[in-house]
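Got chain A; can you put chain B on it based on the hints?
Below, each chain spelled out in residue letters.
2 protein chains.
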Amino acid sequence: MSLIVQKYGGTSVANVDRIKNVAARVKTQWQRGHRMVVVVSARSGVTNELIARARALHPTPDEREMDALLAVGEMETIALLSMALHAIGVPACSRTGARAGIFTDALHTRARIAKVTGGDIPQRLDEGKVVIVAGFQGVSDDTGEVTTLGRGGSDLTAIAVAAAVHADLCQIFTDVDGVYTADPRVVLDARKLPEIAYEEMLELASSGSKVMQARSVEFAQKYNVPFEVRSSFNDQPGTIVKNLDPRRAERANMEDAVIAGVALDRSQTRVTVSDLPDNAAAFSAVFNALGDAGLSVDMIIKNIGTGGRANLTFSVNTDALAATERVVGDVLARLGGGTVRSAGEVAKLSIVGVGMISHPGVAGTLFGALADAGVNCDLITTSEIKIAVAVDPAKADAAVRAVHAAFHLGGTAGAAAGAGAAAPAALSPESK
Amino acid sequence: MSLIVQKYGGTSVANVDRIKNVAARVKTQWQRGHRMVVVVSARSGVTNELIARARALHPTPDEREMDALLAVGEMETIALLSMALHAIGVPACSRTGARAGIFTDALHTRARIAKVTGGDIPQRLDEGKVVIVAGFQGVSDDTGEVTTLGRGGSDLTAIAVAAAVHADLCQIFTDVDGVYTADPRVVLDARKLPEIAYEEMLELASSGSKVMQARSVEFAQKYNVPFEVRSSFNDQPGTIVKNLDPRRAERANMEDAVIAGVALDRSQTRVTVSDLPDNAAAFSAVFNALGDAGLSVDMIIKNIGTGGRANLTFSVNTDALAATERVVGDVLARLGGGTVRSAGEVAKLSIVGVGMISHPGVAGTLFGALADAGVNCDLITTSEIKIAVAVDPAKADAAVRAVHAAFHLGGTAGAAAGAGAAAPAALSPESK
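Sequence order for the protein chains is A and B. Under the numbering used here, the letters of the first sequence match residues 242 to 673, in that order. Under the numbering used here, the letters of the second sequence match residues 242 to 673, in that order.
Same shape as in the complex, but just chain A (with noise of 0.2 Å):
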């Protein structure tokens, strides 16, 4: 007998039939003995329509106000869920983020979690009851306002209270079957990973994967919850995100598996700074100023240029390009001369895995694969478990595929093998 947190997103609760859906989850495992708290999103939709509402009173409508309107949407879903559960007669009762003790700060709108407490949720585990937790929502320790978390909010909500109820088992449900080793929808014969280790997670989340937020990642790391992803549509096991020793290599089934998976941001876009004092100085006023302004660069390189003068190169994420070029303008205005421009659209292809520091020849092999599919990269950054490289958005797809198919990710060495022959002539078109 286990106690289980499960969080369920605003598509899997839309309507009165899929809240039906998520009772009958709740009471399979209710019925094996386990003790389960349910955390649950607004309706899809109803966020949006609140938003709305609001917009049409006011263009910036007060965000103290904000979170006390949107934090409605997942207080009535709570509700709805209690009586789906009593309906099959398993026992529940409904808990705002308020009663379930998550305390925020006051940065309302995107508040960060100060402790999570449980309430009295551990009575009423003890009572036999199912309890449903609203997603997404805190109160304000200083204030006792309600306060929301901002993106990924419900899944935090889920890996905070397993945390406080000391939970065997977080599962967050939610419309993909777990972590892949790569887009399953670019490599046939991608993988669903058994388990993958909180560090793998979050560099995939900063490199394009869209399954969580970096955040609840980090708050699962830090207080050691490991987590299930996986799919509210199917009963297929999903992807445990844990902690894993790098050294003992313990990835379940999988040999020579220092790589686990092959991520793709398109989104990003190459920035040039030319003609900049070569000083330390310039430099850190360049990535002060960007820094203050709140956007984020990557894969950074410096070449030497003539007469003391050097040149930076970076990527930005592409919605960030012209707040980007406005803020290194005005720098470069200060500086007294030097020119930004955008040097044209990458992608970056990020190889992640925690076995990677104690197997050399990771690079070695990348490389090489980039280079045997005809693949050009330039920018390049590393850490202890990544290696991302900037290469054409055009041959993106091809890079992965090969990338995937030379660290053997496939389905099976067999299976891996074979895609990886085949990938060569399906990438062709656009290799060539």
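Keep in mind the hints are simulated off the structure, nothing from the lab. It cannot be assumed that every hint is accurate.
Same chains, same label: a pair holds when it works inside one copy or across any pair of copies.
[Stated by the list, open to error] In silico DMTMM-like links for lysine to aspartate or glutamate, alpha-carbon gap of 20 Å or less: (1) K370 / E386; (2) K370 / E304; (3) K261 / E290; (4) K451 / D424; (5) K543 / D516; (6) K356 / D533; (7) K356 / D383; (8) K451 / E469.
Only chain B this time, still in chain A's reference frame:
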């Protein structure tokens, strides 16, 4: 500079445009320097949508969860109205029932107010803010659960908050202009009363007037909170409900006004219990059983029959007829005799007025007016401030017009006399 509590119902905040209208009304008073607390209901339709979803999940939803669900409707409105005020430059903040310190018992879906602290409303008013309070909801003193106050709950919230913050005035905005001497659709020269006593308003509430639920008026009377019933669709003054001393005849502008108004309740049915043992034990068995079943009876008369048997006739709400016949039937079975049957629908005509007690001859004027109009009445009930009679539903409108004229309740004394003179002609088709 006064402290004003205003209450707006669901139709007044039904959509974004109406919420803007309410904000503009609030701003008008706020600009005059008044301190403002505004109580709002859920947007009209929202509560019914929530109930429909609940019933789709469970035929008889848990009342605790139902309250958690329904409270969501008002939580949305308070945030939206707050934003609408911000948009027109009025500082405002929203408060749920719990944060406004509305503590209740744990009788979910029909909770009774235990105490009202007002929470931090005084401090927020001191900061110059308009405070928006969610109507209809409170929090259980014992369990910390959200509760709802049942029918008329938002009016009750407004009056309770007005009492807690010692408001100078409480304005209940609704879809009627105020309290009239009679239904203006029936009596063309019916007059809006500038003021009315709590007791009169209570008798009107129990005599078919739909303006307000009796419990809100009782609460206002208990804590001596004067309030005004007025329209949210125009700027006319409404009717002030307050403590009126009958001996000082202080009702404004109304000579001879021993009567405040004439009410009509069409939803009554006469029930006759025949052949009952003529003793107090039998009568109390009947009325105790009805009371235990929550069934109110009114206008009781007893006729002595033959052989130590008696007949009872009383009126009940027509909705409660079937339940009444079942309950009385069970009692008769235990008593070993007697029959119960419906004796047809009746309309209950009531005249209400605190001055009645010090003015003899009121009953004489009433029966005279009915006789002149050719209307018979049989069941009669009286209190210190009310006389009610059962009349034929087909003659009820004519009866109301005749009584209204006889007590000179019309627009002016002259107009009333004129209306009185005109009435017989208008009434002749049905009263002859």
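Which hint numbers does the structure go against, in order from smallest to largest? 6
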